[in-house]
Amino acid sequence: MSPITTTIIITSLATGTVITSTSYHWLMAWIGLEMNTLSIIPIISKQHHPRATEAATKYFLTQAAASALILFSSTINAWKSGTWDITQMTDTTSNILLTSALAMKLGMAPMHFWLPEVLQGSTMKTALIITTWQKLAPMALMTLTANNLSMTTLILMGLLSAMVGGWGGLNQTQTRKLMAYSSIAHLGWMATISTMMTNIMILNLFMYLAMTTSMFFMLILSKSNTIQDTATAWTTSPTTTLMMMLTLLSLGGLPPLTGFIPKWLILEELTMQNMTPTATILALSSLLSLYFYLRIAYTTTLTTSPNTTPTKHKWRFKPTPTTTPLTLALPLSLFMLPITPLILS
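In full-length UniProt numbering, the protein residues as written are 1 to 345.
Just so you know, the hints here were simulated from the structure itself, not pulled from any lab data.
Heads up, a few of these hints could be off.
30 Å max Cα-Cα, derived DSBU-like pairs, lysine-lysine [unchecked claim]:
(1) 80 <-> 223
(2) 46 <-> 177
(3) 125 <-> 177
(4) 80 <-> 177
(5) 46 <-> 125
(6) 223 <-> 58
(7) 125 <-> 80
(8) 58 <-> 46
(9) 223 <-> 177
(10) 223 <-> 46
Throw the hints in and build the complete structure from the sequences for me.
Pasting the structure below:
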């Protein structure tokens, strides 16, 4: 792809998200989402491979269906209430439709089936964009409409996503699919808290973005497409393997790492709202996710694979990816716990 084409596509991708995030009219929000979807399609299908084409097709179909549902729900609301304002969603049918559409956009259970497949058919960098940047526009809409969304539907979807994200990742060996199920589980936590405390949801989103970005950049750096590949990551950079283990533990939500903050705050809020069963199910489902994070952490850091001579000398080939984004994202994904009071104030 030529530099000009790449620049136009990336700019359109960014512009679409910004338009959706800053608009108060449903039509503008929909236009932003469409720009966003149409920009990512060439990025996914850039690899001339049947898997990439399949991934692009699946992504397009699900996102187009979700956008149509959003337009449908906003039209019904405008028909009933006479306003296109995003914050004035008063019709119950529209709210349930919108909740389902946003869940499909984000890849939450039970509309999650496209996400692991699309990530597996994409490159690591494209998978990074889909799991981070592509979540911003739907999450912005969820934040704007949090007071009107169907609370029961969101909590049920949130619990289901947390459980599916844990169960689904248990038998996976591909790192991209594992990150997809990790994304589903994290979105479940965000959805559960979104109708009660929007600020905790936004905090969780930023923590998730930092941790996922760090993890993907380390997978790109060590060229780890499967769990088996992570066993030889130490030959590229021993420091990266240590950081990868800490990031995985942070994704699992273990103290004293950053990932513990959102889980702690969400469980505390749910308990205060007398939703102890919900909090218990979420906490137990995070144990499932922790298992597959620990599995990667174990192969990355604690095992020495049976090596052939060329594998041992993998360090001779200098890694080409830039590490600047990793340098910025890693401290955020590991060391934020001590400043929790500052974040909350």
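- [ ] Please flag the earlier hints that this structure goes against, numbers listed from lowest up.
- [x] Hints 1, 4, 7 are the ones this structure does not satisfy, whereas the remaining hints hold.
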